[in-house]
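S.K.: Sequence:
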Amino acid sequence: MPQTVQGVISRAKDAPVELTTIVVPDPGPGEAVVQIQACGVCHTDLHYKTGGIGDDYPYLLGHEAAGVVESVGDGVTEVQPGDYVILNWRAVCGECRACRRGRPWYCFNTHNARQKMTLEDGTELSPALGIGAFVEKTLVAAGQCTKVDSAAPATVAGLLGCGVMAGIGAAINTGAVTRNDSVAVIGCGGVGDAAIAGARLVGAHTVIAIDTDQRKLDWAREFGATHTVLASDGDVVEQVQALTGGFGVDVAIDAVGLPQTWKQAFYLRDLAGTVVLVGVPNPAAQLEIPLIDVFGRGGSLKSSWYGDCLPTRDFPVLIDLYLQGRLPLDRFVTEQIGLTDIEAAFEKMHHGDVLRSVVVL
Numbered sequence: 023m024p025q026t027v028q029g030v031i032s033r034a035k036d037a038p039v040e041l042t043t044i045v046v047p048d049p050g051p052g053e054a055v056v057q058i059q060a061c062g063v064c065h066t067d068l069h070y071k072t073g074g075i076g077d078d079y080p081y082l083l084g085h086e087a088a089g090v091v092e093s094v095g096d097g098v099t100e101v102q103p104g105d106y107v108i109l110n111w112r113a114v115c116g117e118c119r120a121c122r123r124g125r126p127w128y129c130f131n132t133h134n135a136r137q138k139m140t141l142e143d144g145t146e147l148s149p150a151l152g153i154g155a156f157v158e159k160t161l162v163a164a165g166q167c168t169k170v171d172s173a174a175p176a177t178v179a180g181l182l183g184c185g186v187m188a189g190i191g192a193a194i195n196t197g198a199v200t201r202n203d204s205v206a207v208i209g210c211g212g213v214g215d216a217a218i219a220g221a222r223l224v225g226a227h228t229v230i231a232i233d234t235d236q237r238k239l240d241w242a243r244e245f246g247a248t249h250t251v252l253a254s255d256g257d258v259v260e261q262v263q264a265l266t267g268g269f270g271v272d273v274a275i276d277a278v279g280l281p282q283t284w285k286q287a288f289y290l291r292d293l294a295g296t297v298v299l300v301g302v303p304n305p306a307a308q309l310e311i312p313l314i315d316v317f318g319r320g321g322s323l324k325s326s327w328y329g330d331c332l333p334t335r336d337f338p339v340l341i342d343l344y345l346q347g348r349l350p351l352d353r354f355v356t357e358q359i360g361l362t363d364i365e366a367a368f369e370k371m372h373h374g375d376v377l378r379s380v381v382v383l
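Per our numbering, the very first residue in the sequence shown carries number 23; after that it's consecutive.
Among the hints, a few may not be true.
List of simulated lysine-lysine pairs, DSSO-like, C-alpha gap at most 30 Å [to be verified]:
1. K169 <-> K138
2. K238 <-> K285
3. K35 <-> K370
4. K238 <-> K324
5. K138 <-> K35
6. K238 <-> K370
So the derived label-pair ranges between C-beta atoms look like this [claimed, not checked]:
7. Q102 <-> H372: 34 to 42 Å
8. A198 <-> Q308: 27 to 35 Å
9. K370 <-> V316: 36 to 44 Å
10. R348 <-> G374: 26 to 34 Å
11. A120 <-> Q28: 32 to 40 Å
12. D96 <-> R335: 21 to 29 Å
13. G124 <-> Q57: 32 to 40 Å
In short, the hints are calculated from the structure, not lab data. All of these numbers come straight from a predicted model, not from anything done at the bench. Quick reminder that beta carbons are idealized off the backbone N, C-alpha and C, glycines included.
Work out the full structure, taking the sequences as your base and the hints as a guide.
M.R.: Here it is in structure tokens:
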């Protein structure tokens, strides 16, 4: 039978979020119901609330989550009841042209649960990133569940479901940072700091954190930044070149997504260096750059989709590294809150006061 649980929705653009009753159907074929233990408050959730992603209201917010599988539908083999899982928003299909070419991290046909969760009056909800996890229990496609070691607390494990994975993957998967590389990361929020942690994890010898906020630069050092650049102190490109013998870095990661920060990343890299865009741009943003500069500097210009991750490959490995003390996921958690505190968490996020608020259920 369908269950009724408590969850947080955004009913209309810019309206305060609401804690209300959600109806969760029994899982159908290929689906699973997951009891949520913790869920991070991600900037993407704020974008849903403010209309920055779409207008398919009401939205069931939350997506950066970990919990326990409660039940599964017919044909599910990936997980079973009792499994401890991290939720992901790119369940690969296994059949599209990317999957068939052995590149499932680029899957062009990722999928979600077919059934809809609803309000008590039958109004269908749009789950954030196909998950909807500011709720006691949620319905997802079974492929959105990745089993990991239950020794990792849900407050940190769930962060791999979005922002932290995006940043780590931008460095390791997309940017292919390796031992003895030099790296610059523009924007030291959760995604940027995760990129810094990822770069240090694989042995980058120089990791330069760049931001306009000195507090965030101080946080970046905790994740492994070897140098910091306060953007207001002068030309960012010149400051980075001064730290790299006048050459620039091997890999430049833009975790902001503005035309000006992308240009900084482009010009502060060394010849034949790599630019990685992981910050999500405004759809109206336009970029102008001399084409001869693109040709003359060589290298690679890349966009990072969810850190180009494959959850079944990457989540268990990163959790193991955390448990070994080699990946400081705990440092991302600024505060633990309840479902009634999410509106206040959005305000703190807006002012840059937190890396991650994490809802504990």
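S.K.: All the hints need checking, so say for each whether the structure fits it.
M.R.: These are the hints, each one checked on the structure:
Our distance criterion of 30 Å between C-alpha atoms is met by K169 and K138, whose separation comes to about 24 Å. Between the alpha carbons of K238 and K285 the distance comes to roughly 21 Å, so the proposed pair stays at or under 30 Å and holds. Simply put, K35 and K370 have alpha-carbon atoms about 19 Å apart, close enough for the 30 Å limit, and the pair holds. The hinted pair formed by K238 and K324 meets the criterion: a straight-line CA distance of about 25 Å does not exceed 30 Å.
For the given pair, K138 sits about 21 Å from K35 by alpha-carbon distance, which is consistent with the 30 Å threshold. Note on K238 and K370: the hinted pairing holds, with a Cα-Cα distance of about 14 Å set against a maximum of 30 Å. The beta-carbon spacing between Q102 and H372, approximately 40 Å, falls within the hinted interval of 34 to 42 Å. For A198 and Q308, the hinted distance range of 27 to 35 Å is satisfied, since their beta carbons lie about 28 Å from each other.
Checked against the hint of 36 to 44 Å, the C-beta distance between K370 and V316 comes to roughly 39 Å, which is consistent with it. Hint check: R348 to G374, Cβ distance near 28 Å, so the stated range 26 to 34 Å holds. One distance hint, 32 to 40 Å for the beta-carbon pair A120 and Q28, holds here, with the actual separation near 38 Å. Under the hint 21 to 29 Å, the C-beta atoms of D96 and R335, about 26 Å apart, fit the expected range.
Against the hinted window of 32 to 40 Å, the Cβ-Cβ separation of G124 and Q57 comes to about 34 Å, which satisfies the hint.
The structure is consistent with each of the numbered hints, conforming to all of them.
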